[in-house]
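S.K.: Below are the chains, spelled out letter by letter.
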Amino acid sequence: MSFAKALRCRECGREYPLDPVHVCEFCFGPLEVTYDYDAMRGTVTRERIEKGPPTVWRYADLLPCDAEDAVDIGTGFTPLLKAERLAEELGLRRLYIKNDCANPTWSFKDRVVTIAATKAREFGFKTLACASTGNLANSVSAHAARAGLEAFVFIPSDLEQGKVVGSAIYGATLVAVDGSYDEVNRLCSELADRYRWAFVNINIRPYYAEGSKTLAFEVCEQLGWRAPDHCIVPLASGSLYVKIWKGLQELAKLWLVDSVHTRMSGAQAAGCSPIVTAWEAGTLNIRPVRPNTIAKSLAVGNPADGYYALRTFAESGGSAVAVSDEEVVGGMELLARSEGIFAETAGGVTIAGLKRLAEAGRVARDEVVVAFITGGGLKTQEAVMGSLKAPLQVEPHLASFERALSQREEQAPVSGSA
Amino acid sequence: MAKQRVKFTFPQELITLPIIYELGKQFSLVTNIRRADVTEDRGWVVLEVEGDLEEIERGLEWVAAKGVRVDPVSGDIVEG
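These protein sequence lines are chains F and S, in that order.
If you count by my numbering, then the first sequence holds residues 1 to 418, one letter each, in order.
If you count by my numbering, then the second sequence holds residues 419 to 498, one letter each, in order.
For the record, the hints were derived by calculation from the structure and aren't laboratory data.
As the structure is a prediction and not an experimental result, all values here were calculated from the model.
All C-beta atoms, glycine included, are put in the ideal place defined by N, C-alpha and C.
Wrong hints could be hidden among the right ones.
To be verified - If you want the ones that stay clear, here's a sample from chain S, every Cβ over 10 Å from chain F, calculated:
(1) Leu435
(2) Glu440
(3) Ser446
(4) Trp462
(5) Glu473
(6) Trp480
(7) Arg487
(8) Val496
What the hints assert, rightly or not - Here are the simulated lysine-lysine pairs, DSBU-like style, with alpha carbons at most 35 Å apart:
(9) F:Lys126 - S:Lys484
(10) F:Lys246 - S:Lys425
(11) F:Lys51 - F:Lys126
(12) S:Lys484 - F:Lys5
(13) F:Lys126 - S:Lys421
(14) S:Lys484 - F:Lys246
(15) F:Lys126 - F:Lys246
(16) F:Lys82 - F:Lys51
(17) F:Lys51 - F:Lys253
(18) F:Lys82 - F:Lys246
(19) S:Lys443 - F:Lys5
Claimed, not checked - Distance windows between CB atoms, simulated:
(20) F:Ala168 - S:Val448: 22 to 30 Å
(21) F:Asn292 - S:Gln430: 49 to 57 Å
(22) F:His261 - S:Asp470: 21 to 29 Å
(23) S:Asp470 - F:Tyr16: 45 to 53 Å
(24) F:Asp158 - S:Gln430: 53 to 61 Å
(25) F:Lys5 - S:Gly485: 42 to 50 Å
(26) S:Met419 - F:Ala176: 26 to 34 Å
(27) S:Glu479 - F:Asp66: 41 to 49 Å
Please model the complete structure; the sequences and the hints are all you need to start from.
M.R.: This is how it looks when you write it as C-alpha cells:
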C-alpha cells in the first residue's frame with residue numbers, strides 16, 4: 001500500500017492534496033510527494049520488500065501509488081555488477097555499476113514513467129504525453145501502449161530517424177515541432193495548461209520523479225542493505241540525482257539501512273554543464289545555457305532541479321565534474337571494453353566523470369562506489385562510430401584471414417551513421 | 419483572458435531596467451510576481467502574466483528580444 005500523504009511545496013512548504021498538480025499556487029514552487037513515515041516504520045520491512053516482485057514495484061510502499069494498479073512493463077531490479085576490471089583501471093577497489101540499460105526500453109526513464117503512467121490512469125487521464133529527444137519518448141510510448149492510453153510525443157523536427165522509430169513502433173502520435181528548443185519547451189508548457197493530458201514531467205512531475213528513488217532502494221538492497229559510500233550520477237535536470245539522495249534518506253528513516261554517509265557526486269558534459277558551473281562558482285544560482293554536446297540525453301540547459309541538486313552536493317559532500325565530448329566517447333569505450341556494458345553517451349559522462357574524480361583523489365580507493373549507467377548505447381551509436389575499428393575484410397580462405405590478422409592494427413575507423 | 423506562468427532570467431546589463439513594468443504597460447498585461455532573487459550581477463523573477471493570449475505571446479517575445487531569458491516555471495520540459 002502507498003503511504004503517500006500529500007504534495008508539499010519545496011519552497012514555501014504549503015501542502016496540497018494528491019492531485020495532478022505540480023506547482024504551488026502561492027509561490028509557483030515545485031511540489032513533491034510526502035509520506036507518512038511514522039506509519040511506514042514497522043510495516044515496511046526488508047522481508048516484506050524481499051517478497052515482492054523483481055521490479056520497481058517491490059518498493060510500492062515507498063512510492064505514491066499501489067502495485068495492484070501498476071502500469072508495469074517489467075521495469076527495475078536491474079543488475080548491480082562489481083566492476084573489477086574497470087576498478088583496477090581507475091585505481092579503485094570496490095566499484096559497482098548499476099546497469100539500467102537492462103530496463104524494458106533500455107533506460108532508467110522506465111522507472112519514472114511506470115509511476116507516471118500508473119498515476120495518470122488512476123487520475124482518469126486518457127492520454128499520456130511528453131516532450132523528448134529520446135529515452136523519455138520511448139518509455140512514454142511503451143507505457144501508454146501497455147496501459148491502453150493514447151500517447152502524444154513532442155519531438156524537435158530535426159530529430160534523427162532512428163530515434164523516432166523507438167517511439168513510433170508503440171503506436172504513439174509523434175508531433176515534430178518546427179522550432180528552437182526553447183520554443184518546444186514553451187509550446188509544451190502551454191499545451192499542458194490547455195489539454196487534459198497527463199504530461200509526465202509537467203502536471204504529473206511530482207509522482208514521476210519519485211520513480212528515480214527506486215535506484216537508491218535497489219542499490220542498497222543489492223549491497224546487502226547498506227548505502228554506498230559514494231554515488232556517481234549523470235546530471236540533466238538534476239532530478240535523478242536528487243531523488244537517489246531522497247531514496248537513501250528514506251531507507252535510513254525507516255531503519256532499513258544504517259545511517260547514510262553517502263557522498264553524492266555528479267557529472268555533466270562540458271557542453272551543457274549549468275549545475276557543475278554553479279557548483280564550481282560556489283553559488284546556488286543556475287545560469288541557463290544553450291546545450292552543445294553529444295550527450296543529448298543530458299542536454300537540459302535550464303535544469304528544473306538544479307538548485308536542489310546544488311543543495312544535495314553541499315549536504316552530502318559530493319563533487320561535480322564536467323567532461324569533454326572526447327572524454328564522453330572515451331568513457332563509453334572504457335566501460336564497454338572493461339566490463340562488457342555498452343552505455344549511451346550519458347554513461348560515457350558518468351564513467352569519464354568518475355575517472356576524473358578518481359584521478360583527482362575525490363573518490364577514495366577503498367570506498368564502495370556505485371556508478372549509475374542510465375541508458376543503453378544502441379540508441380547513440382553515432383557517438384562512437386568514428387572511433388571504432390571496421391571489421392577485418394577477408395576472402396574465404398586461410399591465407400587471406402592470416403594476412404588480415406597481421407594487418408589489423410592498421411584498420412580504418414568505422415564510417416557511416418547509426 | 420489567458421494566464422501564463424513564466425520565469426525571467428536577467429543578464430547583468432538588464433537588471434536595472436523596468437522590463438516587467440514596460441511589459442505590463444505596452445501589452446496591457448497584469449503581471450503578478452510570486453518569487454524573485456535579484457542581486458547586483460544577476461536576477462530571476464517567477465511571475466504570472468494575465469491578459470489577451472496574443473498579447474501575452476507578443477509580450478513574452480518582446481521580453482526575450484530584449485535579452486531576458488523566458489522559461490516555463492517548471493524549467494526545461496524537453497528531456498532526453
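S.K.: Against this structure, judge whether each hint is valid.
M.R.: Taking the hints in turn, this is what the structure says about them:
1. Leu435: holds (19 Å)
2. Glu440: Its Cβ never comes within 10 Å of chain F, the nearest being 20 Å, so this holds.
3. Ser446: holds (20 Å)
4. Trp462: violated (8 Å)
5. Glu473: holds (14 Å)
6. Trp480: holds (14 Å)
7. Arg487: Answer for arginine 487 of chain S: violated, closest chain F Cβ roughly 6 Å.
8. Val496: violated (4 Å)
9. F:Lys126 - S:Lys484: Not satisfied, since the Cα-Cα distance of roughly 40 Å exceeds 35 Å.
10. F:Lys246 - S:Lys425: holds (26 Å)
11. F:Lys51 - F:Lys126: Cα-Cα ~33 Å, so holds.
12. S:Lys484 - F:Lys5: Distance ~44 Å between lysine 484 of chain S and lysine 5 of chain F Cα, so the pair is violated.
13. F:Lys126 - S:Lys421: holds (25 Å)
14. S:Lys484 - F:Lys246: Violated, at roughly 39 Å.
15. F:Lys126 - F:Lys246: Given pair lysine 126 of chain F, lysine 246 of chain F holds - Cα atoms ~31 Å apart, limit 35 Å.
16. F:Lys82 - F:Lys51: holds (24 Å)
17. F:Lys51 - F:Lys253: The hint holds at about 21 Å.
18. F:Lys82 - F:Lys246: This hinted pair holds, its Cα atoms lying about 24 Å apart.
19. S:Lys443 - F:Lys5: violated (43 Å)
20. F:Ala168 - S:Val448: 22 to 30 Å: violated (42 Å)
21. F:Asn292 - S:Gln430: 49 to 57 Å: violated (22 Å)
22. F:His261 - S:Asp470: 21 to 29 Å: violated (55 Å)
23. S:Asp470 - F:Tyr16: 45 to 53 Å: At 30 Å between Cβs, range violated.
24. F:Asp158 - S:Gln430: 53 to 61 Å: violated (33 Å)
25. F:Lys5 - S:Gly485: 42 to 50 Å: About 44 Å separates the Cβ atoms of lysine 5 of chain F and glycine 485 of chain S, which means 42 to 50 Å holds.
26. S:Met419 - F:Ala176: 26 to 34 Å: holds (31 Å)
27. S:Glu479 - F:Asp66: 41 to 49 Å: holds (45 Å)
In the structure shown, a violation is registered for the earlier hints numbered 4, 7, 8, 9, 12, 14, 19, 20, 21, 22, 23 and 24, in ascending order.
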